[in-house]
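Q: Position chain B against the provided structure of chain A, taking the given hints into account.
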Amino acid sequence: MDFNLTEERQMLQDTLRRYLADRYTTPVRNDILDSPAGFSADIWRELADLGVLGALFDEADGGFGGAGFDIATVFEELGRAGVVEPVLDSCILGGRLIAQVGSPDQRALLDQVISGKLHLALAHGEPASRYDLSRVETTVRTDGTGLILSGRKAVVVNAEAAGQLIVSARETGGPFDLDGISLFLVPAGTPGLGLRGYPMLAGGRAAEVTLDDVRLPESARLGAAGQGFDPLMDVVAAANCALVAEVLGAMESAVELTRQYLMTRKQFGRPIGTFQALQHRFADMLIELEQARSAVINAAGHLKAPDRDRQIAAARNLASRAGRLVAEETIQMHGGIAMTQEYELAHIAKRIVMSDHRFGDADYHLERFIALGAA
Amino acid sequence: MDLNYTDEEKAFRDEVRAFLAEKLPKEISDKIRAGRNIGKEGYQWWHATLNERGWLNFNWPKEFGGAEWNAVQRHIFEEECAAAYAPRIVPFGLSMLGPVLQKFGSKAQQDFFLPRILNGEHWWCQGYSEPGAGSDLASLKTRAVRDGDHYVVNGQKTWTTLAQYANWIFCLVRTDPEAKAQEGISFLLIDMNTPGIEVRPIVLLDGTPEVNEVFFDDVRVPVENLVGEENKGWTYAKYLLTHERTNIAGVGFSQAGLDMVKRIARIETANGRPLIENPHFAARLARVEIDLMAMATTNMRIISQAAAGQAPGVESSMLKVKGTIIRQEINDLARRAVGPYAMPFASEAVEGDNDPIGPDYAAPVAAQYFNNRKLSIFGGSNEIQRGIIAKVKMGG
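As you go down the protein sequences, you meet chains A and B in turn.
Residue numbers for the first sequence follow my numbering, beginning at 52 and rising by one.
Residue numbers for the second sequence follow my numbering, beginning at 13 and rising by one.
Worth flagging that the hints you see were computed from the coordinates, not collected in a lab.
All C-beta atoms in this analysis are idealised placements derived from N, C-alpha and C, irrespective of residue type, glycine included.
Hints may be right or wrong, so weigh each one.
Stated by the list, open to error - With the C-beta cut set under 10 Å, the calculated list includes, among others, these residues of chain A facing chain B: (1) D53; (2) N55; (3) R310; (4) L337; (5) I338; (6) Q342; (7) A364; (8) A365; (9) A366; (10) R372; (11) L376; (12) D414; (13) G424.
To be verified - Computed cross-link-like contacts, DSS-like style, restricted to lysine-lysine with a CA-CA straight-line distance of at most 25 Å: (14) K405(B) x K317(A); (15) K405(B) x K153(B); (16) K405(B) x K250(B); (17) K22(B) x K355(A); (18) K274(B) x K386(B); (19) K250(B) x K153(B); (20) K119(B) x K244(B); (21) K403(B) x K317(A); (22) K52(B) x K38(B).
Here chain A stands alone, though its shape is the one from the complex (with noise of 0.2 Å):
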């Protein structure tokens, strides 16, 4: 056993950590948050140019990384910063994705998503599909010239940016049949694709997509006809490991200002970290973050093992419930001061709560860790 982290990665993550502690600041980040594309595209690039996103792919795609510890060195340092910018989107879910199963002539793509130049986000989730991911309605059929979508796709998260979209449609089967579901890279721009763009509440941009018979040409497909749902749950296992890995970064990033608080902010003639009653709240949150850093290490350490999605599942749970508690306490024990937009904890907080509407709850993870036990 060794729990600690390669040179190679230690390396990333004090590049990344001092990167973001310098640049990605409170005002620059509230200036993103306010701004019309709802990220930096500066930042962007610095990731890019610092390997951040490299690290993200394989040597084989492009990258120079790739793995579960990878993914999770990166994210909980974006996760301890806030970063909102769609690393996320471009690269585990788009990224990867065409890393997978993309033609040749489609990997092509890889090198400009790695050095920043191409957005991607992937249109899967549909109005009513919530997080069941083999829930696809949207259809593909053939008229002889060429592939026909339609059909609608909820919350796409960076689809304004994205040069190009990851969509998914149903070939064949109802309406949860793991089978029968296609993956297309659809341009920007293509006739018949709608975009109704919004902020969400944590910061980035999604869009709801409307797909109104939008024809592409057969090199569209991303992937084996009707063999898509797979690489999906690769791309989303991998997502996951993202996901709590940021959640463990930024439920540091509260503790510590919460820390902060508690001695210096002074109430009835002492600092309020002085009064019992909080002190112990304080010591429950650090034991949720030492669970939730296990949680990390075995999500990510697992991403290729044979009981991945049962550890993920695992992971997401906890993550999720320990940061419920972080966000909720943290603001808690600030009082006030953490209920106004501007503060820092208010945007980490809410980072870390809106990751739970990402691929699952604390609830959906709970029962797909009981289904995958039981079978």
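A: Chain B only, in chain A's frame:
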């Protein structure tokens, strides 16, 4: 990062498994699994069996004839023993007094006492807590007054685990009532057969006579039974407590408990279906299993630090709190899983060889639930641990 045991560690685990398969008879493991008491003879037999293999004093340094396992080996051993339902090693002599004598005892004390801990001639108990000194241990009042070549001891200890089996007790006594609380305490070794000692059992809420009160009435203790220096006992006591905290997370116990709950919940039914399929029960079970999976990794992180020579600090307190919460949750699930058959007062079934009332697995669970309320109280209550965590981590 590598979450797997090394080949050497795996080989060691196989060695432990083979030993348990060979030496631990089913009648004993069945008793442990059913929560029955194996009695003094049972524990002594197990100690002797381990001692024969050289594995009883696994945490002692080689200098004192110990196996000197590292933290990972100790963890593997404890994990395998719990999984096999082996009896526990009674810790008072081996992992509490032993290390104190090795570090602070005289050569004569080491030569006399250490071999007798191993061969079972001495059964030690721990004279720390008093009626007025629980979590605030340093407020203890038992007095020892020097009289020639003896100390004369008067006072009372309580919560003394298995004192009914013991023939020796190590005690914290106050030798200087004028000094600050921590500074007037000494560490004495007392033969339980000395006149003036009385042991009275305290029957716990689950009906078991596990702990006792020990009274001292003008008990004369030879001065050579003082460990280290007079009035320095608090230092030794704190050192001992760091050893008391090995295996504090109780991962193996929780894992065995969880397996037991699952076994019960597959047999018991609710609404005509196995209880384990009941969504409410399954959700609680899953939550605690998820917590345990994470804590097992936290435990391994700390163990691997310890094996690399880093002393565990506040992490021990975190493991104590989380570990006891998890064990108590599992005890609660077991109690609920058996339904009405949790109700018979099972002390006879637990203590003796009577046939249980209801399913065999049902007899001890309610008693274990109540007995393990102690986990969050002893060894520094969970509130004390939270105070330590906050003090260390909040900084100034």
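Q: A separate judgement is required for each hint: does it hold in the structure or not?
A: Quick rundown of the hints versus the structure:
Taking 10 Å as the C-beta contact cut-off toward chain B, the hint placing D53(A) at the interface holds, the least distance being around 4 Å. A least Cβ separation of about 7 Å between N55(A) and chain B falls short of the 10 Å threshold, and the interface hint therefore holds. For R310(A), the shortest C-beta to C-beta distance to chain B is roughly 6 Å, which falls under 10 Å, so the interface hint holds. Checking L337(A) against chain B: minimum C-beta separation of about 6 Å stays under 10 Å; hint holds.
Hint status for I338(A): holds, given a least beta-carbon distance of 5 Å to chain B, under 10 Å. At about 4 Å, the closest approach between the beta carbon of Q342(A) and any beta carbon in chain B falls short of 10 Å, and the interface hint on this residue holds. Below 10 Å, beta-carbon pairs count as interface contacts, and A364(A) has one with chain B at about 8 Å; its hint therefore holds. With its C-beta approaching chain B no nearer than about 4 Å, A365(A) sits inside the 10 Å limit, and its interface hint holds.
Interface restraint check for A366(A): the shortest CB-CB distance to chain B comes to about 8 Å, inside 10 Å, so the restraint holds. Because the closest C-beta pair between R372(A) and chain B is about 8 Å apart, less than 10 Å, the hint holds. Hint status for L376(A): violated, given a least beta-carbon distance of 13 Å to chain B, over 10 Å. Hint status for D414(A) relative to chain B: holds, with the closest Cβ pair at about 8 Å, below 10 Å.
Interface restraint check for G424(A): the shortest CB-CB distance to chain B comes to about 7 Å, inside 10 Å, so the restraint holds. With a C-alpha separation of about 19 Å, the suggested pair K405(B) and K317(A) falls inside the 25 Å cut-off, and the hint holds. For the proposed pair K405(B) and K153(B), the alpha carbon gap of about 32 Å is over 25 Å, so the pair is violated. For the hint linking K405(B) to K250(B), the alpha-carbon distance of about 20 Å falls within 25 Å, and the restraint holds.
A C-alpha spacing of about 22 Å is found between K22(B) and K355(A), which places the hinted pair at or below 25 Å, so the restraint holds. A distance of roughly 24 Å separates the Cα atoms of K274(B) and K386(B); the hinted pair therefore holds under the 25 Å criterion. Using a Cα cut-off of 25 Å, the hinted pair K250(B) and K153(B) holds, with the two alpha carbons roughly 18 Å apart. Our distance criterion of 25 Å between C-alpha atoms is met by K119(B) and K244(B), whose separation comes to about 18 Å.
Of the supplied pair hints, the one linking K403(B) and K317(A) holds, its CA atoms being roughly 17 Å apart against a limit of 25 Å. Our distance criterion of 25 Å between C-alpha atoms is met by K52(B) and K38(B), whose separation comes to about 18 Å.
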